[in-house]
Each structure stands twice: as C-alpha cells, then as structure tokens.
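Student: These protein sequence lines map, in sequence, to chains A, B and C. Here the first sequence is numbered in my numbering, starting from 651 and rising by one per residue. Here the second sequence is numbered in my numbering, starting from 524 and rising by one per residue. Here the third sequence is numbered in my numbering, starting from 307 and rising by one per residue.
None of these hints come from the bench; they were simulated from the model. Do not take every clue at face value.
Derived CB-CB ranges, DEER-like [what the hints assert, rightly or not]:
| hint | chain 1 | residue 1 | chain 2 | residue 2 | range |
| --- | --- | --- | --- | --- | --- |
| 1 | C | 323 | A | 828 | 48 to 56 Å |
| 2 | C | 406 | A | 776 | 21 to 29 Å |
| 3 | A | 673 | C | 363 | 25 to 33 Å |
| 4 | A | 672 | B | 836 | 31 to 39 Å |
| 5 | A | 784 | B | 1025 | 58 to 66 Å |
| 6 | B | 917 | A | 784 | 33 to 41 Å |
| 7 | B | 721 | C | 406 | 40 to 48 Å |
| 8 | C | 406 | B | 946 | 49 to 57 Å |
| 9 | A | 773 | B | 836 | 50 to 58 Å |
| 10 | C | 323 | B | 728 | 48 to 56 Å |
Ideal Cβ positions, reconstructed from N, Cα and C, are used throughout, including at glycine.
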Amino acid sequence: MSSAAIARHRPADNPFASHRVEGLAYRGRGIGPGGLLRRLEETGPRSAIVGPKGSGKSTLLEELASALPGDPILVRIIGSCRHPWLTVRSQLPRPVTPNHLVLIDGAEQLGPIGWRLLLCATRRARTFVATLHRPGRLPILIECTPDLELLRVLVVELTPADAPTLMPDLEELFLRHCGNIRSCFRELYDLYAGRRSVEF
Amino acid sequence: MKISIGTSSESRSGCAGKGFGTIFFGLFFLMGSLFTVFMLAETWKQIEPWLWPATDCTILSSGVTETGDDEAAYRPLVRYRYEFDGQVRESDRFLRSGGDTASFDNARDRAARYQPGDAATCRVDSNHPSLAVLERNVPWIGLVIFFPLIFVAIGGGGLWTTWVGFSSNEKEVESISQKATSGRGQKFMVGFGLLFIAIGGAVFIPMALVPSIRSAASTSWRETPCTIVSSSMRSWSTDDGTSYRADVLYEYRVDDRSWRSNRVEFFGFLSTGYADAREILDRYPDRASATCWVNPRVPSKSVLERQFRFKHLLGLIPLVFILAGWGVANYGWKQMRVRKAAEEKTMEEASEDDSPRFLKPQVGPVGKVGGSLFFALFWNGIVSIFVWQAWKGWEQGNPDWFLTIFLVPFVLVGLASFGFVGHFLLALANPRPRLTLTPGQPRLGGELRLEWRFAGRSSRLASLRIFLEGREEATYQRGTDTITEREVFATFDLANTQNDWEIPQGAIELTVPSDSMHSFEADANKIIWEIKVEGEIARWPDIGQNFPITIRPIHIENL
Amino acid sequence: MMLTLHTTDGGSWFKPGELVEGRASWHLDQEVDAVEVRLFWYTTGKGTQDVGIVRALRIDSPDSSGHRDFSIRVPEGPYSFSGKLITLAWAIELVALPSGETERLDLRIGPQPVEVDLT
C-alpha cells in the first residue's frame, strides 16, 4: 500500500492526532473498569501495571483513574524529565494520607533511590499504582501485552472508512515497531499527513 | 475518558493521622522555632556593638594567645585602656563573640593591626561600661537564619495541612479551554535549584576555589628555612564523630624579622582525618628543621607545602551540587518562561522597535567547545579513576580482567568525546558570520534586510549558503517517551554563492510572504524561523550556524 | 442544562484587532457557581495539545436563565493555521462551573477568511 492511497489530512483532522490517540479507551484482555477495580482489591494497596513501551499502560492508568472513587492523583513522569523524583515530589500532596489514591505513570524513570523515596512518601496512601516496564518491584495488577488484534481494533475505531485499506499491512507495521502500538500510530499519522512517503 | 490530575486531599484526616501529624510537624516547628530564636539572639548580639558609642582608647599590648579549644586554638589578644563616664577602664575583649580561629596567621594579622602605644577606637556599652569591644562583627550569621526557618515552614505548613487541609479545585476535563493548565512545581524547582547552588557554592569556594587561587599565586614565593616550634594533634567532637587537625607552628626569619605561622597547606579543609593529621605530624616533629615558602611581598604569609596533591580533587565534589542545582533551576526557569510566553499570547505587547538587530547564534562555537569539553572532562575524569584502578592491578601483576573489559566502551566514549572537542576547537578558527537584520523583528508581508560579514579569514570559504527557514515543531509526551518532530514548511535562499568576492560580506532584501505563519511558541508546539548559514571549507570542519529570529504578524493597521 | 453561543452577525472569521461580539445564553437546571465565556486558541496534531485562554468573562452566581452580551478584542495573533504537524484553531466556549458543561463556537482568526496553510 502506498501513501497515495490515503488522502492528506490536516493535523486537526488526522485520525492519529494526539488528542484522538490519547482519547482512546483501553482495550484488552476482556477486562473492564469493574474488573480492574476488583483485581485492585485482590492485589492489595500497592501494585503495578507492567508492559513494554506502547502497550497501553498509560491509557489503562487513566481508565483506572476515571473508575476510582474520589479524586485520585495521577502523576506523569516524562522521558525528558531530568529530575524525576523532584518532579513527582512537587506533585504529591504533603503529606500523603490514607485518603489518597496515587497513580504514577512512568515510574521506571526513577532510579533505585527515587523509587525508595516514592515508596516511603506514599506508604500511607490507600491505593498506589505505578506503571513499569518490567515486573519485580510490586505485585502485578495487570500485564499489558500488545497484540496485532488490538492494533487492528484501534485502527478500525480511528479510521472507520480507511480501515479496510490499512488492514493488510498492519502486521508488517506492528512487527517493524516491535509491538509498540504508539510508534505504529506515529507512523500512521505521518501517512495521513503526507509527510515522507511511507511504504508498508 | 476523563482524567483528574492534581494535588487534592480531603479536608480532614482521621484522628490518628491528626495526632501523628501534630506531633511530627509540631516537633519540626518547635525545633525550627528554637533555632530561629537562638539565631536571632546571636545576630542581635553581633548587631548591638554597632549601636554603642565610639570611645577613644590606647593599646597597651598586642599578641596571640591560645584558647585551649582544639577546634579554634588561637585568639588575638590586644589589651587597651579607655575612659567612659569619667572612669578609666581596661579590657582585652576583641569582639563581642567569636574571634577564635584555627589559623595562627589570622589571629596574628588581626592583632598586628594594633601595636602598643597606638591610639584606636573601641565601642562601649553605655549600660554596662565595663563591656567594650575593639572590633565589631559583621552579622553574617543573620543570613543563616533561613535554614531554621525552612523547618518552621515545613512544620507550620504540615500543621496547617493536618488541621485545615486544602481543597482541590481541579475538575474533570469537559471542555478544551479547561485544559489550560496553571502549571505547578516550576517555582519550587527554581527555588530548590538555587538552594543547591548556594549550598554547593558555600562549600566549593572555601574548600577548593580560594585554596586553588592561593596555590597558583604561591608559585613566586621564596623557599625559606624554618624551625618547627610546636607540633601537636588537635581533635574536637563533631556531629558525625571526631575531627582531627595537625597544628604545626613554625618560625622563620625574613629581613632580620621573625615570623610565625601554622599554615601547612592551602587545602586545609580537606584534611580532617586522623591518618592525614598523623602523616603531617610525622613529617614535621617538634624542633625539627624544615623549609617553608614565603610571599616576598608580604613576609607574614607563608606555607609549608604548596604542591598540588591528587586528594585535592575532592574539593571538586561540591561542583556536583552546583551543577545539579543549576540543572534543576534552569529546567524550572525555562518551563516558567515557556508558560509565561504562552500566557502572554496576545502579542499586542510585542516590541514596536524596528531598529536593526545583531543576531546571535543559537549555540556559538565557544559554547560548543565548552559544552563538549565539559562533557569530555566530566566523563573522562570519572572513568580515569577506574582506569587507574585497573592499571594498578596490571602493574602489580594482578590484573582485573572484568574491570578492564568493562571499561573498554567507556574509554572509547571518552576518546570520542575528546575527538569532538578537537573538532570544535578546530572550528573555533573558522571565520564567524556576523549578521544584522533590519528590522530586528520583521513582520509578515514586510521587508527584511539581512547584512552579513565574516570575522576571521573568510577567504577560506569555498562556498556560502544563507537561507531563511520556517518550520513546525511538535513535541509529544506519551507514557515515558518525549519526542520533538520538525517539519520545514518554508525555505528562502538569501545567498548561495561560490564567488570569493561575494562571500566575505553582502546584503540582501526579502519580502516575507504575507500568507505564511508568524513565530509562535507554546509548551509543545512551535513555529520557528531561523536564518541558517552554511559554509564549506576544504579539509576543515565546515561552518554551520543557526540564528533564530522572530517574525511578527502583519501589523493590525495594515489588515 | 442548555447553553448557547452565537456571534452578533453569525460570522466566524475575525481579523486581529477586531471585536468578537455576541451573546452567551444559558438555561440551568441546577445551581452553578458561575458561567464563563472564554476566547482561546488550541493546537491539535502530532504534538501534545496546547491551550491558551486569551480572555475569560466570568458571571458569578448566574440566574437559572439568562444571557450576557460579550465583546472581546482579538489579539494580534496567533493566526489560525494548519501545517503537517500542527493545527492551531480558535474558539469561544461557554462553560458552566464547576460541572464543566460546555458549548463551543469555532472561530478563525487571521488576515484571510481561511486558515493559513503551511503545506
């Protein structure tokens, strides 16, 4: 399939623009918000959402934030952050009490000391969930493993008219990005934006 | 999908939480308050003599005495006579408080300002005329009051939060305009970073900078024979154990005058261990003969050892705090500025000044050398410690193969970093473009005039291209990835020549298209205009510099 | 709850420096703290969304039914534009606080009726 088959879109109309991608609900493993909350009760007050890059951990964490009662605190540590622990600390309440629900996106950015400080600072939180690339630091709430079927479902949702055209080439795209769905979306954005000639 | 992000809390915590919070933060508050009060009292004690009346006095004797305190063993001892309220009194109080020092030189120099028979001025407490001082402390201690105040703030803030709490005003996002964030944490980061810089600087300056300057200045000092008067181990208790210092008092003669000093080395701060002190005492026992180095211009200044030792590099450790603090403060400051620029989006306050502007490159050649050199030194400085360890093992016939192999990629990176330094150093010799833009901030649809010339040997340039580029920049942060993508939407050639008469200087005029987009900057999305200069030099690093400019919207009156 | 927004002459294109005049009306079925009329720009595209509120007019403790005429001067920029990575658009929103229910009216700001095209 060549880029000529897809008409160029304005960024605002691009089906893979950031606000559309960020607006996607989490899909996978047949578990909805209710199931997630039940699993949270079973796992205990501290747990992790584990998975590689682009597997939907951040999206799932946001879904969890919406499903949790009260006002959970969602802190995001971005890749460019030079001082992850300071960034987290400035966004946590002082002190963190048993009434707080704390969610940390990107906790793998913290080194061993930052991780210990985070655990200490949030030890009294009623609920603490962090996203991590690898298991081992906390009990696993859910493990996100992206699969091709998920990419297909999301592409259908974002591009209902063009989905049949894209379907045959999604497997090659998925493999080329090693299962990182977010990277797949970036390449699809470029296809719809007419940037470079993207060939699957 | 709805996201709630914010620092929210319930307005009341449980009883147990309140109790614990009260005790915990109460202690912070209490300790901080006690220290604050103590600091205030000390500060007032030092300020008071400044309010006492000045009184004439006569110096009776002047010298140095031992205090009996190992930590600050010497004190200037100056006895003086004064008259107050018709009564003649004598005193030997030099300062209201403090004045004791570990340095014999400092005590001697202070006392030397007052010779027997000299007339001087002292300050007398009118309420207690027997209390007089010869000199007044500058109340620097008042600045230290900020440290206990931090504890007061933490304690008070914690108590307030425990009992009063604060309510969240972050709401679920429904509309686009609700996503305009107020930003949080940047001011905290700037303050935190500045604190780190202050602490690092306060330690680095006396520990490394001042001794390094003195050590460098001592290269012209004269070698002079001296005699060790006394050599003793001083020790005193500190928070984390006992500190030690070798107190070696020596005497020497210059121009028929005898001087004494106890300065062993310039980097005295770094020698507080027993082993170091013992080693010094073993080198300079009582009544031994030795050699010292004397300042020919100021014979009272001398030192026993002036050479630089490897352990003195430890004085660079506070640089880590300074750099970390700079990094945090710089990041927070940049975020504040970007947010402020985004908030001031009206652009109606854009400068109306149309005068020519001398353009500055985004990163100058010196900046490139500095940045690459800093990285090379930092990287190789750390790696060299481990390389030295590995080399010692090889030298002693006991090689550490794992360490050796492990170090290979790090050493390669270090060598490559020096390669970059070399490349940028060579580029320093390149001719440098000097650009002047008129007006300084052109508008869409308006004329701009660009003048260029080169500082340096522009005859080395084989070709020159100057062009104006407009591009989009979009940054996305999803999960833990941060990526900035760029898309050039406009390129205008201003100069593209290989003629050696056109390269050294020139000027060009251009009409900025009115249907393009002006400069724009927000947190994650930008429209950037740059003038780029590219020059080829045979068998040498090429010139490549970018000069950011601002293109303003069409003037409202011209619409 | 019903919120409506419209500009006086029904137009959606404004040049920098012009006044955006119109009326915001509401019919509330529950008490709200305030309603706000906001003129703002926002970006969409490949980058994270940015939002900049130029002017906000707040009406505290509004009646259950009411309206407010507004007149907001458009700043010099930024223009509405679309490239390959970024679209910048303008809008006016009428927002009920604290519920956040919204009515939005899309606008174009720039020297021409169409957005600046950078492609």
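Student: Does the Cβ distance between residue 323(C) and residue 728(B) fall inside 48 to 56 Å?
Tutor: holds, 54 Å
Student: Go ahead and decide if the range 50 to 58 Å is satisfied by the Cβ distance of residue 773(A) to residue 836(B).
Tutor: violated, 39 Å
Student: CB of residue 672(A) to CB of residue 836(B), is that within 31 to 39 Å?
Tutor: violated, 49 Å
Student: Could you say whether the range 21 to 29 Å given as a hint is met by the Cβ separation of residue 406(C) and residue 776(A)?
Tutor: holds, 26 Å
Student: Given a hint of 33 to 41 Å, does the C-beta separation of residue 917(B) and residue 784(A) actually sit inside it?
Tutor: Check passed, 37 Å falls within 33 to 41 Å.
Student: Do residue 323(C) and residue 828(A) keep their Cβ atoms within the hinted range of 48 to 56 Å?
Tutor: Since the Cβ atoms of residue 323(C) and residue 828(A) sit about 52 Å apart, the hinted range of 48 to 56 Å holds.
Student: Mind checking the hinted window 25 to 33 Å against the Cβ distance between residue 673(A) and residue 363(C)?
Tutor: Because 29 Å falls inside the window, the suggested range holds.
Student: Please test the hint of 58 to 66 Å on the beta carbon pair from residue 784(A) and residue 1025(B).
Tutor: holds, 59 Å
Student: The hint says 40 to 48 Å between residue 721(B) and residue 406(C); measuring C-beta to C-beta, is that right?
Tutor: holds, 43 Å
Student: Are residue 406(C) and residue 946(B) spaced within 49 to 57 Å by their CB atoms?
Tutor: holds, 55 Å
The structure fails hints 4 and 9 (numbered hints given earlier, in ascending order).
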